[in-house]
Amino acid sequence: MLQVPLDSLHRELGAKMVPFAGYDMPVQYPSGIIKEHLHTRTAAGLFDVSHMGQLVVSGPGTTAALEALVPVDLAALPVHKQSYALLTNDDGGVRDDLIITRWGDEEYFLVVNAACKEADIQYLRDHMPEQIFRLLPDHGLLALQGPLAREVLSAHVPELAQLPFMQGLSAHLAGAEVYVTCSGYTGEDGFEISIPAAAVEAIARLLLDHPAVAAAGLGARDSLRLEAGLCLYGHELDATVTPVEAGLMWSVSPSRRARGERPGGFPGAAIMFRQQTEGVTYKRVGLTVSGRRPVRDGQQVLSSDGVAVGVVTSACYSPSLELPIAMARIDASFAEPDLQLLVDVRGKQVPVTVTKMPFVPQRYYRG
Amino acid sequence: MSQTPAELKYASSHEWVRREEDGSITVGISDHAQDALGDVVFVELPDLGAQLAASDEAGVVESVKAASDVYAPVSGEVIAVNEVLEDAPETVNSDPYNDGWFYRLQPSDASEYEKLLSAEEYDAQCAEES
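Protein chains in written order, with the numbering used here: chain B, 24 to 390; chain H, 151 to 280.
Excised from the complex, chain H in its bound form (with noise of 0.2 Å):
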């Protein structure tokens, strides 16, 4: 069963985000969309001071399997990247949600956060298309 910690905002295309004391965001996807993937074999993140507008391409996760897009949860820009990804992917599969984190962002329009799902709705919606 995938957890999906309560204190996380979630988008609809499976990454969650954390919002930090001071301001900024992090970035990473869920543990139901690693489960999904599988074996996460690659990551490409997003280049540091890059300008993302919600819903922009952020980056691909590739599994054995396949090749996935990663989107931006909300805009902004990036101000860090979890460069430990770059040699172990296998991270992305035992903690997504601690060091398995892709990016963070200073957003530029608070309002999205708010907009994005709970927990509790995102583990509906996965349960929809399960």
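One chain only, chain B, in its complex shape (with noise of 0.2 Å):
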């Protein structure tokens, strides 16, 4: 099992530790993933996502190599914006999600997820093997998540006061070099720092050390994502499911859709475009449970008759909403808001509405 730079910091916390992608990582600390979960949305909430996989990929042609693999308009991307991007496969489904974030002309840095990161990184050297990789095993990524996040971290660097959704900068933090972009996965305003792992613990204290943070585990990360309506990859996302059924094709820059300047030159391109005129099997919908009785991802989803309909793909109590609440994967014709189904929890029959997501209105800063 591998170990986060901030492993003894989480067990002097108390926290819960769970293997996750190959490495111990803390599933909650004492206080519980209610409270994790609330006081992220009321204050600000730390986390550990150093499991992840943050690689730079440089050197001439790197732009199109990249756009090559991605449907994002890299070459109109600012330095110092980040975009969300799928790495597609050529059956049009998602080899996984990443941030990318453009740190030159040529040069830009990926976080990817950590449970994909080998076959990530095999993939893309793979399909760029004139490009400069630089594997980053030795940098943490602390998430400053919440209303709060702004102001706490803004007093230890003036310059991200003003620092809009998915941009970054380079700066000072703690005597450490760290680049610290505004994003996350909760759907609050809040920062991703990543930190020579030297520095982790030191910056972790220092942000901790202020009242209005609280750490925050995995647990509290997958509930406050699901209340954003956010994918989980493995979850939402696979190698089988398209981002039309997923609902992500917002993620294909507009210059590289079916109508755009210059369409397609992705892998699976065809495959999306047609799912977009011609209709799709399955999408992605938002799950309101009525009644206090969970629903856990891999249950089935059946219409109101009782016919299999789809299944869950994520599940949990919502801490905010104060009931629960799921994501699934079901027949397109079935995916109307507000519409009755029924989910089978081991043989019991629990009534659930379909439900626009985000669940929680997203609060991210746009400057």
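One or more of the hints may lead you astray.
What the hints assert, rightly or not - Quick partial rundown of chain H residues pointing at chain B, CB under 7 Å, derived from the structure:
1. Gly188
2. Asp189
3. Phe192
4. Leu195
5. Leu198
6. Glu212
Please keep in mind that the hints were generated in silico from the structure rather than gathered at the bench.
Since this is a predicted model, take the numbers as computed values, not measurements.
Idealized CB from N, CA, C, for every residue including glycine.
Hints in hand, dock the two standalone chains.
Structure, rendered in structure tokens:
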């Protein structure tokens, strides 16, 4: 089992550690998932996401080489701006989702999912043989999320007081050279900070010293992202689910869509464009559960007359709404907001309602 | 550190059992169990009048993370259930041995109670599992 740089601090804070993507990770601290979740919605939560893959790709031709793999207009992306991106496959499915930050004319900083990072790096190297790869396993990644995150962090890094969503900057924090982006996975305003491993603990302690900041684990991170309607690779997304089915065509830059200036040119483009005109069989939807009995991922979704129409892909108790919520992949003809469906919970049919996402409004700072 | 009251008996499946003065027994889940589950958000209790055999499934406790079955530590008829848990399942976390009780049984075989674990034996089992 691999350890993150903050391992001893997590244990000191009383975290419950669980194996996740090959790492020992904190799923929760003694206050529990619900309190950590609500604290992040009302103040600021500090998350250790150092298990995620961080790498830098550079060299002449990097923009064009990356554009051949992701449906994003990187040529038009200003330096220090970021984009959510999908690594698509030839079937129109998704290899992984990632965040790309432009660091220079031909230099990009990528953050990829922990569980996919080995495969992603191999795939990228195979398809960009001319490019230079610099992996950052010696860097931790902390996320400070919530309505007070900006106030807390800009006390140490004044230049990010006005940093808008999906933009980054280099900064000095507690004597270390860090890269801060205004991004996250909670639906709140907040930042992700890439930090040399040796400085991660000092920065975590500095942030936790602020009375507004509390440590939050992967459990709260999952319920926060679900409330925000954000996909989790391996649940809503996988190699067989297309961005059209997942409702992620917004992440395809307009210039690279079917009617764009330079349409396609990334794996699976033709399939996605065809699905956009002809429609899809399955769609990702949100579900709100009636009553208190939670549904779980993997459980079957049924029509009101009991016919199987799909499967739950993620589910949790929503601390903000105080009821169970879920995302599901269902027959597109049932993907109508307010439609009543059922979920088979170990033989009990639990009523659910198709619900527009996000479940909780996103509060990104757009400057 | 979880606490394990010495006056109670325990099942290896993490339920606690208290023998009441009228001979009925009250069942809940241990502090160790609630701590391992995390925030409890739903409890399914057995039906009143249900006849349970020892080790039968007697309900489900759902935390934010996962669903876990609750088992009957001894055989008997369900004579009361804790309706408070319907609207306040978090009571299982805050007061597992008192207000967070699950249900009460009229036992059908007194010898089963004697076979349950003492607090000391239960703590030893938990230490071994962790």
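Quiz prompt | Structure-inconsistent hints, enumerated in ascending order | solution = 4, 5
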